[in-house]
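Chain A is fixed; fit chain B with the ligands onto it per the hints.
If you're matching them up, the sequences are chains A and B in order.
Sequential numbering from 1 applies to the first sequence in full-length UniProt numbering.
Sequential numbering from 1 applies to the second sequence in full-length UniProt numbering.
If you're looking for bench data, these hints aren't it; they were derived computationally from the structure.
Owing to the predicted nature of the structure, the values given are computational and were not obtained by experimental measurement.
It is possible that some hints are incorrect.
[Unchecked claim] Estimated spans, in silico, between C-beta atoms of each pair: (1) Arg452(A) x Asp67(B): 55 to 61 Å; (2) Asp192(A) x Glu161(B): 40 to 46 Å; (3) Trp508(A) x Leu90(B): 34 to 40 Å; (4) Asp114(B) x Pro421(A): 48 to 54 Å; (5) Ser121(B) x Gly249(A): 31 to 37 Å; (6) Arg452(A) x Asp138(B): 45 to 51 Å; (7) Ser121(B) x Gln407(A): 42 to 48 Å; (8) Glu161(B) x Asn104(A): 34 to 40 Å; (9) Asn65(B) x Glu256(A): 38 to 44 Å; (10) Asp138(B) x Glu322(A): 20 to 26 Å; (11) Pro421(A) x Asp124(B): 52 to 58 Å; (12) Arg452(A) x Ser121(B): 42 to 48 Å; (13) Gly434(A) x Leu90(B): 44 to 50 Å; (14) Glu153(B) x Pro421(A): 52 to 58 Å.
Here a beta-carbon is modelled for each residue, glycine too, at the ideal position from N, C-alpha and C.
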Amino acid sequence: MDIVGVLVLLLVCVFTAADGWRGLSSASSPRVCVVGGGPAGFYTAQQLLKARQDALVDIYERLPVPFGLVRFGVAPDHPEVKNVINTFTQTAHHERCSFHGNVNVGRDVSVEELRQAYHAVVLSNGAEANRPMGIPGENLSGVFAAKDFVGWYNGIPANKELCPDLSCETAVILGQGNVALDVARILLSPLDMLKATDITQHALNALAGSGVRRVLIVGRRGPLQIACTIKELRELGNLPNTRPELLLGDLEGIEETLKDLPRPRKRLTELLLKAVNGGDNKAEKSWSFRFCRSPVEVLAGADGKRAAGIRLALNKLEGSGENVRAVPTDQLEDVNCGLIISSIGYKSILIDPAVPFDPRRSVVPNDMGRVQDAPGLYCSGWVKRGPTGVIATTMNDSFDTAHVILQDMESGLLDLSIKKPGAQAISGLLQTRGVRTVLFSEWEKINAEEERRGKPHGKPREKLLDVEEMLQIAWSSRIMDILTFLVLLLVCVFTAADGVRTVLFSEWEKINAEEERRGKPHGKPREKLLDVEEMLQIGWS
Amino acid sequence: MSSSLVRVLLHRAAVARVTLAPHQTLRKTSALSRCGSVLHRQIRGINTFTLPLRTEEKVTINFVNRDGKKISVTALTGNSILDVVVDQNLDFDGFGACEGTLACSTCHVILEEDVYKKLGSISDEEMDMLDLAYGLTDTSRLGCQVCLRKDLEGMLLRVPETVADARVDSQQESST
Ligand SMILES: Cc1cc2nc3c(=O)[nH]c(=O)nc-3n(C[C@H](O)[C@H](O)[C@H](O)COP(=O)(O)OP(=O)(O)OC[C@H]3O[C@@H](n4cnc5c(N)ncnc54)[C@H](O)[C@@H]3O)c2cc1C
Ligand code: FES
Chain A
1 MDIVGVLVLL LVCVFTAADG WRGLSSASSP RVCVVGGGPA GFYTAQQLLK ARQDALVDIY
61 ERLPVPFGLV RFGVAPDHPE VKNVINTFTQ TAHHERCSFH GNVNVGRDVS VEELRQAYHA
121 VVLSNGAEAN RPMGIPGENL SGVFAAKDFV GWYNGIPANK ELCPDLSCET AVILGQGNVA
181 LDVARILLSP LDMLKATDIT QHALNALAGS GVRRVLIVGR RGPLQIACTI KELRELGNLP
241 NTRPELLLGD LEGIEETLKD LPRPRKRLTE LLLKAVNGGD NKAEKSWSFR FCRSPVEVLA
301 GADGKRAAGI RLALNKLEGS GENVRAVPTD QLEDVNCGLI ISSIGYKSIL IDPAVPFDPR
361 RSVVPNDMGR VQDAPGLYCS GWVKRGPTGV IATTMNDSFD TAHVILQDME SGLLDLSIKK
421 PGAQAISGLL QTRGVRTVLF SEWEKINAEE ERRGKPHGKP REKLLDVEEM LQIAWSSRIM
481 DILTFLVLLL VCVFTAADGV RTVLFSEWEK INAEEERRGK PHGKPREKLL DVEEMLQIGW
541 S
Chain B
1 MSSSLVRVLL HRAAVARVTL APHQTLRKTS ALSRCGSVLH RQIRGINTFT LPLRTEEKVT
61 INFVNRDGKK ISVTALTGNS ILDVVVDQNL DFDGFGACEG TLACSTCHVI LEEDVYKKLG
121 SISDEEMDML DLAYGLTDTS RLGCQVCLRK DLEGMLLRVP ETVADARVDS QQESST
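For reference, chain A alone in the conformation it holds in the complex:
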């Protein structure tokens, strides 16, 4: 009995630790894996799980922490945008979903291996590189890609050493999209507006000593083409102690075009016009848009190493509306500045040479989410559509991809009669390669630790910046589990060795029967046994 008990215990422990055992029970279920644990990955998984009661979905994520750009992109002063994490967490807790962090697809496991193990593979790996400006001086110190700058204040492990020098007065941001406005807002916000957010402490410290007073946001095209959304522009306009410094000339003649514009563009332009005339003259800081200008060269300072300015070419606009093109003229303009942040776009990278890739558009070529010439391979999110659009856009296009997968399951294009091993096979592979995954429950330990560290500072969390430390925390109590188990095992063994053996109730019943048997000839209900040794002998007989 004891041996059996220990064996059962062992099995249960192994299953609990493996946490993927539910997969074993349903052999013919459609198995889908998603590469990337950002919004696209989670929304695709959510839709698949909901629409098919038999589908099993595994999410593989490169980092030990989930949520992609919701954690690493969305500005710290936009906590409400991050509420989507609650829904993602529910998806991760779904009994037919499992999350495997710390798995770099393309390096730790190939897409082909995933395709062997699953009926369908969805690429949702986002857009993780930045578009270079391609101009001389781009690599001087003081020049940053917005992606890295954002990563620095949002805690991307790879960007923790960025240490931007914020001692200069003027910063130039190239690009006029939402990311550009996020960066401008972070540079200009009073510290009070940031210190209770999940911004990294090192960024907060650097911003506390920042000398930046003036931020120029430069765009290739005109005021009618700025790419940000109105919410972001309004926030910039509402910053305390900061005034807009727009040039009236830039907006000349625009008022007349207003009536023909679609409502979103019209409202955005009206707000821009309002900003020209508004603003508090006593404000110490300012922001401004510079239109129709393209970067030509980053100008070095006297030491030849640090950026001291940027040369811009003035553009003229051809065409009309959203399709206007910027054509450079030979007119140039130099702007003095010590900080240059290029925010001209993210781009996807090829994670595995076996995956079709369109290097020009930096996306996976696809038809409604079906990857070209690769049956069973799908894509969603930024890697499918390009790095534009808000989370809601990503959500809709992920739902679309899920619907296409469901269609292909129905139509037989995906052959579900073939049994696929799913996570079981991949876990095996990863183990032989020495890759240990971070399960969602383990991410929750990291999460708890981050929240704990944020608390004394009134922050929702203090993000961990070091992958090694994340892993240590994630796996910490797994070691504890094993230790506890070992201790218990030892107790079992010692108990057995000490010769203490228990009498179970069923064994007492044997004693009971014997007592009743012995009483019967004397007309007694029982003849009680008086000797413990004898009781034991009968009990264990």
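Quick look at chain B with the ligands alone, frame taken from chain A:
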């Protein structure tokens, strides 16, 4: 000893796998909702009849979902449309992603003109988010910002398609 430990571990394993359909979210952040419905609910929970402020009444509202199906529900005044969708578990994919904090536009609903007018003015912030909604119309509202009132009895709300139409999409293209 070993068997009770087994039981504990089995129980733990079971607890770790509590099932929830992914669309059945536990959103209860309506504290932020304009309508203050959570407050109402709490008040009700404490004491129903000694409070003179008990203003809730039942209204019936009708949704037309993305498949064109009509769904009628009874809800209490003081709730937002988003509260109703969450509380009644109405299955509109992706509805209310930001949980009523004016940060997503996924709670977009289209009203009938007279109801739209009856509701009165709309905040700039709501308009800003609406501008990002797919299939924006002149009678569009964000469901998390519309509070139920008695005079909205019988109102009809259309939950619009989310399929990207080319025009809106090209506008979205630029937003990053
Ligand atoms: C700076 C910034 C701010 C933004 N702010 C907002 C905002 O305020 N509101 C809003 O609605 N939208 C915002 N967005 C847009 C929003 O973040 C995107 O729409 C959305 O995150 C795209 O989702 P995705 O899943 O395609 O990509 P991502 O979010 O990038 O997710 C991709 C995931 O894949 C993982 N991955 C990559 N390579 C691999 C690999 N080889 N193996 C395994 N996993 C891999 C990554 O680690 C990541 O977790 C912002 C975007 C940026 C860049
Ligand atoms: S739920 Fe996000 S704006 Fe209404």
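Evaluation of the provided hints:
no., hint, verdict
1, Arg452(A) x Asp67(B): 55 to 61 Å, "46 Å, violated"
2, Asp192(A) x Glu161(B): 40 to 46 Å, "42 Å, holds"
3, Trp508(A) x Leu90(B): 34 to 40 Å, "57 Å, violated"
4, Asp114(B) x Pro421(A): 48 to 54 Å, "59 Å, violated"
5, Ser121(B) x Gly249(A): 31 to 37 Å, "35 Å, holds"
6, Arg452(A) x Asp138(B): 45 to 51 Å, "49 Å, holds"
7, Ser121(B) x Gln407(A): 42 to 48 Å, "44 Å, holds"
8, Glu161(B) x Asn104(A): 34 to 40 Å, "37 Å, holds"
9, Asn65(B) x Glu256(A): 38 to 44 Å, "42 Å, holds"
10, Asp138(B) x Glu322(A): 20 to 26 Å, "21 Å, holds"
11, Pro421(A) x Asp124(B): 52 to 58 Å, "54 Å, holds"
12, Arg452(A) x Ser121(B): 42 to 48 Å, "44 Å, holds"
13, Gly434(A) x Leu90(B): 44 to 50 Å, "48 Å, holds"
14, Glu153(B) x Pro421(A): 52 to 58 Å, "56 Å, holds"
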